Amino acid sequence: MPFLARRLGAALLLVWLVCTLTFGLLHLAPGDAAVLLLPPEGDAATLARLRAQLGLDAPLGLQYLRWIGGLASGELGRSHATGRPVAALLAEALPVSLLLGLASLTLTVILGVAIGGVQARRAGRAADTAITVATTTVYAAPTFWLALAVVAAATSGAAALGLPPAWRLPAFGLRDPGVLDPAGAWRDVARHAVLPVLVLTATGAAAVARYARAALVDAARSDARRTALAKGVAPRAAWRRHVAPLARPGLVTLIALSLPGIVGGSVFVEGVFAWPGMGRLLLTAVAQRDTPVILGATLAYATAVIAANLVAELLLPLVDPRRRA
Amino acid sequence: MTAIASHRPTRRARRRPTPVATAALATLVVLVVACAIGPALLAADPVAIGDVLATRFVAPGGRDGTGTVHLLGTDAFGRDVLARVLVAGRLSLAVGLAGALASGVLGALLGALAGWRGGALDLAITAVADALLAIPRLVLLLVCAALWAPGIPTLVTVLALTGWMGVARLVRAEVLGLRRREYVQAALALGVPPARTLLRHVLPNALAPALVATSLGIGGAILLDRGLSYLGLGVQPPAPSWGNMIAGGREHLLIAPWIALAPGGAVVATVTAATLVGDWLEARLAGREAA
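If you read the sequences in order, they're chains A and B. Here this note's numbering is used: position 320 in the first sequence is 320, and no number is missing along the way. In short: position in the second sequence from 1, add 1000, done, that's this note's numbering.
Don't read these hints as lab results, they were simulated from the structure. Mixed in with the good hints, there may be bad ones.
Said to hold, decoys possible - Residues from chain B that face chain A, not an exhaustive set, calculated with beta carbons under 7 Å:
hint: 1; residue: Ala1134
hint: 2; residue: Val1139
hint: 3; residue: Leu1142
hint: 4; residue: Val1143
hint: 5; residue: Leu1254
hint: 6; residue: Gly1264
hint: 7; residue: Val1271
Stated by the list, open to error - A short list of chain A residues far from chain B (calculated; beta carbon distances all over 10 Å):
hint: 8; residue: Arg6
hint: 9; residue: Gly42
hint: 10; residue: Ala58
hint: 11; residue: Leu62
hint: 12; residue: Gly83
hint: 13; residue: Val109
hint: 14; residue: Pro245
hint: 15; residue: Ala256
hint: 16; residue: Leu314
Every value quoted in this text rests on a predicted model; they were computed, and no experiment measured them. Don't be surprised by glycine CBs; every beta carbon is placed ideally from N, CA and C.
Let the sequences and hints guide you as you build the complete structure.
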């Protein structure tokens, strides 16, 4: 399979380019982690020793070679800020973001395609227009603003309505510290996931619905459907056999390309709901100029982006016979 | 059979803005005019802080301790929220428009160059675009923010540098297709210089998707500026922007939700309207019925 080998080679090259670019960009910015580790009254000698211990005093080229060398042997280094291995930090944050991302992406696709389909069947009518305005409005709402509104509704709103505590959903964190038995722990995490998944699904489904509507309306105008209707195919069958397959490749690409978002996490949603995922990890690392952690998270994200591109390219022939060589 | 005929609207019907597009355009005009002349009509000062205890946390439509009515209430320092939303709108709308335009122009130029010249230049531009798309945008934004002092020019530069890749891809694909067309080949064969051919014959035909992407990008730029302000990297206080107002209002969400809700509503209205206008443009160019 020379095609796959060539694509994989190009993908690896791109991952390397991304890492190098990020490394260079990070070192363009003034200041480093050592300055932020010391209190303001720390003296120059302590700072110099700290820099030497962290390897920040070495020339840039050497620092780069050390990092790439470590990477080649599967070593991502340690966090400057906490001293913990980057691999362990990623291993903690990734499942949290994956849980949030997979749950919301599944709901997003189901809901988004369903809404877009309902709209396309009624293209140009009042219901279609009303739904477009609604989805565009949700799509236009800043995620963190939506998240804040949901938090306000779940806390003071629920209290104002007089909901019993058992009915109220927790707005912050991943789990309650008090729940210890395994079965209860899963239920507890699920309860904590409801609100952030709700916010992510709302914004995601709005975007997918907008796209699905456009793709289906285009497909519905196709000659294939007109011919099918003219020769007497039932409208529903024409829709299923001639319209949906035309819109499918675009949707598959869109969904494949939104996969990396799961690995990257959502900075704002994780921030508002206090979920210790990839978005939060990256945000904290950037604030602390924690280069090894930033590079590790970027590597994970870039790999996901490039893998998703590859998956989209390989999936397309499955849903689009015209692409089969 | 009428159902089949109705799938191809007449040319005139496609050109006419739909009621939704008209309403969206009107909303944008109203917002721009309100932000431009509104602050001059209001007596309230958007920045000055007076008697904090007598004027803070006034609910929308309420009267403060000095007897002044505040349509959208006041914030934690007793400043009129409506006056602040309008003044902030000037900055936020300008940043959104400038950011979308800058990334659109940069993307169109690089994309056209890559598609036209091909070869090593194409490879280089495409590789950089792909690499930048694979770096979390947050990292790019924060690096830029660390490099340059926060401010409006920085914000627009950052929006352009991190947002050109999509438009570049679109324009490159268009130019690649156009390059082989007869009229382009004819122009070249007749001795029209390549640069002139690109500018006069290719680019005008390749710009339509870029224009749509840019009009849809206005909303994106405004949203991103909000996100950055929320992280403390956007427009710096005391100058109000919708983003830093939302970020500031967050602390008082439970006792005075209007402080964050008012600028948030302004963002939603602006971005919804800009996106709906972009949708209509896109549908028109694709010959599709817009909602």
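- prompt: For this structure, which hints from the list above don't hold up?
  reply: Every hint satisfied by this model.
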